[in-house]
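Protein chains in written order, with the working numbering: chain G, 73 to 324; chain W, 33 to 147; chain A, 19 to 98.
Keep in mind the hints are simulated off the structure, nothing from the lab.
Possibly wrong hints are sitting among the right ones.
Reference listing, derived: stretches of chain G covered by chain W, where coverage requires no fewer than 3 residues with Cβ under 8 angstroms from a Cβ of chain W [unchecked claim]: (1) 81-91; (2) 102-109; (3) 113-121; (4) 260-270.
Going by beta-carbon spacing under 7 angstroms, a handful of chain A positions derived as facing chain G [what the hints assert, rightly or not]: (5) Met19; (6) Asp69; (7) Leu72; (8) Ser73; (9) Ile80; (10) Pro83; (11) Ile85; (12) Leu87; (13) Leu90; (14) Gly94.
Quick caveat, the model's predicted, so the values are computed rather than measured.
The beta carbon of each residue, even a glycine, is placed where N, CA and C say it ideally should be.
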Amino acid sequence: MSRRARLVFFAAAAAALAATLGAGLAGLPSFGSQITSYARMLNELAPRQRHVTDVVSAISFDYRGIDTLFEEFILLGAVTGISVLLRPLSDETRQLAQDKAPDRTIPPPSPAVWLLAVLLSSLLVLTGIETATHGQLTPGGGFQGGVILASALYVVYLGTNYVTVERFQPAPLLEATDGVGAFGYVFIGLLGLLAGADFLSNVVGLGVTGNLISGGTIPLLNLVVGVEVAASFAILASEFLDQTAVIRPRRR
Amino acid sequence: MSVLAYGVVAWLFLVGVYGVVTSRNLIHLVVCLSVSQSATDILLLEIGYRTGGHAPVFVSLPAHPGAAVDAVMQALALTDVVVGAAVTALLLALAVQVHKRAGTLDPDELRATRN
Amino acid sequence: MSEAVIAVALVWVAASGTAVVLTRDPLRQAFVAGFFGLGLAFLYLSLQAGDVALSQIVVGAIALPLIVLLSLAKVGKGRG
Numbered sequence: 073m074s075r076r077a078r079l080v081f082f083a084a085a086a087a088a089l090a091a092t093l094g095a096g097l098a099g100l101p102s103f104g105s106q107i108t109s110y111a112r113m114l115n116e117l118a119p120r121q122r123h124v125t126d127v128v129s130a131i132s133f134d135y136r137g138i139d140t141l142f143e144e145f146i147l148l149g150a151v152t153g154i155s156v157l158l159r160p161l162s163d164e165t166r167q168l169a170q171d172k173a174p175d176r177t178i179p180p181p182s183p184a185v186w187l188l189a190v191l192l193s194s195l196l197v198l199t200g201i202e203t204a205t206h207g208q209l210t211p212g213g214g215f216q217g218g219v220i221l222a223s224a225l226y227v228v229y230l231g232t233n234y235v236t237v238e239r240f241q242p243a244p245l246l247e248a249t250d251g252v253g254a255f256g257y258v259f260i261g262l263l264g265l266l267a268g269a270d271f272l273s274n275v276v277g278l279g280v281t282g283n284l285i286s287g288g289t290i291p292l293l294n295l296v297v298g299v300e301v302a303a304s305f306a307i308l309a310s311e312f313l314d315q316t317a318v319i320r321p322r323r324r
Numbered sequence: 033m034s035v036l037a038y039g040v041v042a043w044l045f046l047v048g049v050y051g052v053v054t055s056r057n058l059i060h061l062v063v064c065l066s067v068s069q070s071a072t073d074i075l076l077l078e079i080g081y082r083t084g085g086h087a088p089v090f091v092s093l094p095a096h097p098g099a100a101v102d103a104v105m106q107a108l109a110l111t112d113v114v115v116g117a118a119v120t121a122l123l124l125a126l127a128v129q130v131h132k133r134a135g136t137l138d139p140d141e142l143r144a145t146r147n
Numbered sequence: 019m020s021e022a023v024i025a026v027a028l029v030w031v032a033a034s035g036t037a038v039v040l041t042r043d044p045l046r047q048a049f050v051a052g053f054f055g056l057g058l059a060f061l062y063l064s065l066q067a068g069d070v071a072l073s074q075i076v077v078g079a080i081a082l083p084l085i086v087l088l089s090l091a092k093v094g095k096g097r098g
């Protein structure tokens, strides 16, 4: 189909889609007028029932915990797909830049960059752990904390070079951590079954609202999801870095 | 306000699809797809908004806090944002491998079969 | 007051989303996409969604620019 024909077809389809979208969106209640009764009920009940102050975390990891399990597996599947796609192909080889020209070394990073990287990565690790563990009290949680933890490794790469960052993130360790994180979620769900209730029900002691350890299984699930998301994003960056830095076409 | 709010959602979605249709570079295409994806997140949060509401976090509230906004929609949008980034990364990995095999990133010049 | 903030955020998001699509060069588009991500985070914050805004900030400022720039580096190197 030529470009012009494709554009004409798209214009017709977009007009039809815009009309349908407009009709559908016009049927919604006006912006800001009301929220669903399910949400109103949860806002009332969640702090009392689960002893948490952040209702969004309670919904993600307790009331709708099964949805978060599936989202986590989507993340795992996407990262597995990236690992498969970016593997060295049959006509490629892994070769560090030093091996290609052994008499020339990569210049070390300047002291200012290195210092900044050390400071930033330490701060990012602390912030990541704090966000992941305080998910049940304030906005935050496993997903955000995990990405912040992974970004500490990105900063290490930016401040040093490929060889250093690969020492911090050996691929088998990252993959094992990812698997442990994903399995940990299922395991905590199975604890509910073992205790005689439903899968993923909150069977650990609930604690006092406002304390760090409150909400039963919610902080545990936050930690497990944080570990899994951090490992996933670290694998993601490491695969792309390998492609850029070491994987080269095999010279005959 | 409703027209602006929901109109931006429809506009972003259609603009993203237009970018995908008329793209000449696979990496540009993937970023346009992520623009479309964010339109759905905005719609979720707009449905869950209540005028004068506060965030559904019940700590350090003032004396008369009023009602809170919808927390279920926020829980849905939260995981959507993170997983959307991972799927975008998967598409970019595909684009990188396509470039290696076909030598070009132009969707119009890609062929279904290799010679 | 909050309605005005939401309206400003919506206009910012719509304008920068259009700019992302209309920027054809992928390297420049990465910058504009960062601006778009910031607008999205501002919109989510004005809609009283703190968790989602935090997610958008960490993803849009860290993960997405990194993978887009690494892909561009790999593709550019293959060409040269």
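Practice item. Let me know if the C-beta of isoleucine 85 of chain A comes in closer than 7 angstroms to any C-beta of chain G, holds or violated. Key: holds, 6 angstroms
Review point. Are there three or more residues in the region 81-91 of chain G whose C-beta lies closer than 8 angstroms to some C-beta of chain W?
Key: holds (count 4)
Review point. Measuring from the C-beta of aspartate 69 of chain A to each C-beta in chain G, is the shortest one below 7 angstroms?
Key: Holds - the Cβ of aspartate 69 of chain A comes within 7 angstroms of chain G, reaching about 4 angstroms at its closest.
Exercise for review: Grab the minimum C-beta distance from methionine 19 of chain A to chain G and call the hint holds if it beats 7 angstroms, violated otherwise.
Suggested key: violated, 13 angstroms
**Study point:** Per-residue hint verdict: leucine 72 of chain A, partner chain G, C-beta under 7 angstroms
**Key:** This interface hint holds because 5 angstroms falls under the 7 angstroms limit.
Review point. The region 102-109 of chain G covered by chain W? Criterion: 3 or more residues, Cβ-Cβ distance below 8 angstroms.
Key: holds (count 7)
Practice item. With a C-beta cutoff of 8 angstroms, work out whether three or more residues of the region 260-270 of chain G approach chain W closely enough for the coverage to hold. Key: violated (count 0)
Practice item. Using 7 angstroms as the Cβ threshold, decide whether proline 83 of chain A counts as touching chain G. Key: violated, 10 angstroms
Check your understanding: Three or more residues of the region 113-121 of chain G near chain W by CB distance under 8 angstroms?
Key -> holds (count 4)
Exercise for review: Grab the minimum C-beta distance from leucine 87 of chain A to chain G and call the hint holds if it beats 7 angstroms, violated otherwise.
Suggested key: At 9 angstroms from the nearest chain G Cβ, leucine 87 of chain A fails the 7 angstroms test, so the hint is violated.
Point to revise | Hinted contact serine 73 of chain A with chain G - closest CB pair below 7 angstroms | key: holds, 5 angstroms
Check your understanding: Per the CB criterion, is isoleucine 80 of chain A less than 7 angstroms away from chain G?
Key -> With Cβ-Cβ at 4 angstroms, under 7 angstroms, it holds.
Checked against the numbered hints given earlier, this structure breaks hints 4, 5, 10, 12, 13 and 14; the rest are met.
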